[in-house]
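From first to last, the protein sequence lines stand for chains A and B. Counting from 1, one number per residue, gives the positions in the first sequence under UniProt numbering. Counting from 1, one number per residue, gives the positions in the second sequence under UniProt numbering.
Each hint should be verified, as a subset may be incorrect.
As the list claims (entries may be wrong) - Label pairs and their computed distance ranges (CB to CB): (1) B:LYS228 to A:TYR220: 23 to 31 Å; (2) A:GLY78 to B:GLN73: 28 to 36 Å; (3) B:PRO37 to A:GLU204: 49 to 57 Å; (4) A:GLY53 to B:VAL214: 44 to 52 Å; (5) B:GLU112 to A:PRO50: 32 to 40 Å; (6) A:THR191 to B:SER192: 40 to 48 Å; (7) B:PRO37 to A:GLY53: 57 to 65 Å; (8) A:MET188 to B:ALA49: 19 to 27 Å; (9) A:THR191 to B:GLU119: 45 to 53 Å; (10) A:GLU215 to B:GLY40: 45 to 53 Å; (11) B:ALA183 to A:HIS55: 25 to 33 Å; (12) B:ALA183 to A:GLY189: 36 to 44 Å.
To be verified - Partial pick of chain B residues on the chain A-facing surface, computed with a CB cut under 7 Å: (13) THR19; (14) ILE25; (15) GLY28; (16) PHE102; (17) MET130.
Derived by calculation from the structure, the hints in this document are not laboratory data. What you are looking at is a predicted structure, and each value in this text was computed from that prediction instead of being measured. Where a beta carbon is used, it is the ideal one built from N, C-alpha and C, also for glycine.
2 protein chains.
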Amino acid sequence: MTGTLYGLGLGPGDPELITLKAHRILSGVPVIAYPAPDTGPSFARQIAAPYIGAHQLEVPVIVPMRVERFPAQEVYDGAAETLARHLDAGSDVAVLCEGDPFFYGSFMYLFERLSGRYETEIVPGVSSMMAAAAALGRPLAARNDVLSIVPGPLDDDIMRARIEAAGAVAIIKVGRHFARIRALIKAMGLTSCAGYVERVSLAEQRVLPLADVVEDSAPYFSIILIYKGGEGWKARTAAATE
Amino acid sequence: MTGTLYGLGLGPGDPELITLKAHRILSGVPVIAYPAPDTGPSFARQIAAPYIGAHQLEVPVIVPMRVERFPAQEVYDGAAETLARHLDAGSDVAVLCEGDPFFYGSFMYLFERLSGRYETEIVPGVSSMMAAAAALGRPLAARNDVLSIVPGPLDDDIMRARIEAAGAVAIIKVGRHFARIRALIKAMGLTSCAGYVERVSLAEQRVLPLADVVEDSAPYFSIILIYKGGEGWKARTAAATE
Numbered sequence: 001m002t003g004t005l006y007g008l009g010l011g012p013g014d015p016e017l018i019t020l021k022a023h024r025i026l027s028g029v030p031v032i033a034y035p036a037p038d039t040g041p042s043f044a045r046q047i048a049a050p051y052i053g054a055h056q057l058e059v060p061v062i063v064p065m066r067v068e069r070f071p072a073q074e075v076y077d078g079a080a081e082t083l084a085r086h087l088d089a090g091s092d093v094a095v096l097c098e099g100d101p102f103f104y105g106s107f108m109y110l111f112e113r114l115s116g117r118y119e120t121e122i123v124p125g126v127s128s129m130m131a132a133a134a135a136l137g138r139p140l141a142a143r144n145d146v147l148s149i150v151p152g153p154l155d156d157d158i159m160r161a162r163i164e165a166a167g168a169v170a171i172i173k174v175g176r177h178f179a180r181i182r183a184l185i186k187a188m189g190l191t192s193c194a195g196y197v198e199r200v201s202l203a204e205q206r207v208l209p210l211a212d213v214v215e216d217s218a219p220y221f222s223i224i225l226i227y228k229g230g231e232g233w234k235a236r237t238a239a240a241t242e
Numbered sequence: 001m002t003g004t005l006y007g008l009g010l011g012p013g014d015p016e017l018i019t020l021k022a023h024r025i026l027s028g029v030p031v032i033a034y035p036a037p038d039t040g041p042s043f044a045r046q047i048a049a050p051y052i053g054a055h056q057l058e059v060p061v062i063v064p065m066r067v068e069r070f071p072a073q074e075v076y077d078g079a080a081e082t083l084a085r086h087l088d089a090g091s092d093v094a095v096l097c098e099g100d101p102f103f104y105g106s107f108m109y110l111f112e113r114l115s116g117r118y119e120t121e122i123v124p125g126v127s128s129m130m131a132a133a134a135a136l137g138r139p140l141a142a143r144n145d146v147l148s149i150v151p152g153p154l155d156d157d158i159m160r161a162r163i164e165a166a167g168a169v170a171i172i173k174v175g176r177h178f179a180r181i182r183a184l185i186k187a188m189g190l191t192s193c194a195g196y197v198e199r200v201s202l203a204e205q206r207v208l209p210l211a212d213v214v215e216d217s218a219p220y221f222s223i224i225l226i227y228k229g230g231e232g233w234k235a236r237t238a239a240a241t242e
């Protein structure tokens, strides 16, 4: 009997925003894997830390974070083989995923290598996008709005077209693209309906109208939400600046 | 001291997919409100049922579901006044929300009436879109894909343009628009990379390639995911039909 592979969505950062199901599986598996940068702590592990026991084996998957590219596939080849050995030995393995495993997550690289060979279950999680809307106190999208999720590394021309076509927009992976994206939103006349959230749901969370961000850069875990039709949104973000 | 208003995301349907935070608040509040149809059970209440105690006061907000329109605002005026009386009396009130409160949720109608008057906290939840991707075993979006969420009631012309512009698409609120949407996807040559999920995460969940759906209608809680570039997706949905 081989083990089961779990992709566990852990939510946006607050350990209390994991699901009962992810909590149950996390507490019971003998092997826990998670992405980790080459230096510094693993964010996924930090979210799960309150629930990890000393008897559980931890397998960090070291992914160089400095380069904002798709990481070398060799990393995932090696990690998949390590996890395969545990699965072959009959141990269930949980891979910890920030947010939701299948919403722009790196879990897909392990999934595509292992799901054909082992029983696999994905446990969906709360995405940072939902948490950002909650923090801003404004619907992400409503009624018959088209909501587009736009990755920050995209070129200005593509980004502009996608923002123009949607009623609501979430720009993710903002990071070092922040100043350029802010300038584009300003040029489109949409700054007044844009909100900015950094490290959502963590103690160091920052929530403010985009117009009030004085920095020219943003951390990797930041998001910009645009709600075009939102007069209520404008009023609320304006009030938040007082 | 007035009470606090909570908007609780309960996730897509499986009671185990609620967060630890929603569970804690749900277990502790004296007053629980939820949307309910004029006939039949409340889906939000069904999700929360295992965690509701006999000592908690329940306030159904009756919203006629038969008409797929924006419900009469008078319903929410009345419900807001009812909840305001509990909040004024110092009772915390939790409003149960299917999925995530701010992802196309009707909670916004109570939020806009009450959040200016009472302390309000939104607890984000797992959306049915994330759960549908998990059920299909395929990333919702990855790398620098643009993901667009397109409500089913939109006209063919708008829907076609939004599908053309995105790398990945989630069509929500499919319901009685199913046959028209399926025909559009076929005309666009995208059927082979489209998956269909009905009543996701519940015991009666159905997951299949769009091409294999024989019915001409779908329940309200159904979703179509399109992943254009997904060769892996195509292989997997093909395998699922064997």
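Verification of the hints:
Between LYS228 (chain B) and TYR220 (chain A) the CB atoms are about 26 Å apart, so this pair conforms to the stated range of 23 to 31 Å. At about 58 Å, the CB distance of GLY78 (chain A) to GLN73 (chain B) disagrees with the hint of 28 to 36 Å. Under the hint 49 to 57 Å, the C-beta atoms of PRO37 (chain B) and GLU204 (chain A), about 42 Å apart, miss the expected range. About 48 Å separates the C-beta atoms of GLY53 (chain A) and VAL214 (chain B), a value consistent with the hinted range of 44 to 52 Å.
With their beta carbons about 35 Å apart, GLU112 (chain B) and PRO50 (chain A) fall inside the hinted range of 32 to 40 Å. At about 41 Å, the CB distance of THR191 (chain A) to SER192 (chain B) agrees with the hint of 40 to 48 Å. Checking the proposed 57 to 65 Å range against PRO37 (chain B) and GLY53 (chain A) shows it is violated: the Cβ atoms sit about 44 Å from each other. Between MET188 (chain A) and ALA49 (chain B) the beta carbon distance is about 46 Å. The supplied range of 19 to 27 Å is therefore violated.
Taking 45 to 53 Å as the suggested C-beta distance range, the pair THR191 (chain A) and GLU119 (chain B) does not conform, at roughly 29 Å. For GLU215 (chain A) and GLY40 (chain B), the Cβ-Cβ distance of about 51 Å falls inside the hinted range of 45 to 53 Å, so the restraint holds. In this structure the supplied range 25 to 33 Å is violated for ALA183 (chain B) paired with HIS55 (chain A), their Cβ-Cβ distance being about 55 Å. About 37 Å separates the C-beta atoms of ALA183 (chain B) and GLY189 (chain A), a value consistent with the hinted range of 36 to 44 Å.
The criterion of a C-beta within 7 Å of any C-beta in chain A is met by THR19 (chain B), whose closest approach is roughly 5 Å, and the hint holds. At its closest, the beta carbon of ILE25 (chain B) sits 10 Å from a beta carbon of chain A; the interface hint therefore is violated under the 7 Å criterion. The beta carbon of GLY28 (chain B) is not positioned within 7 Å of any beta carbon in chain A (closest approach about 13 Å), and the interface hint is therefore violated. Taking 7 Å as the C-beta cut-off, the interface hint given for PHE102 (chain B) holds, the closest approach to chain A being about 4 Å.
A cut of 7 Å between beta carbons decides the hint on MET130 (chain B): the least distance to chain A is about 4 Å, and the hint holds.
The structure fails hints 2, 3, 7, 8, 9, 11, 14 and 15 (numbered hints given earlier, in ascending order).
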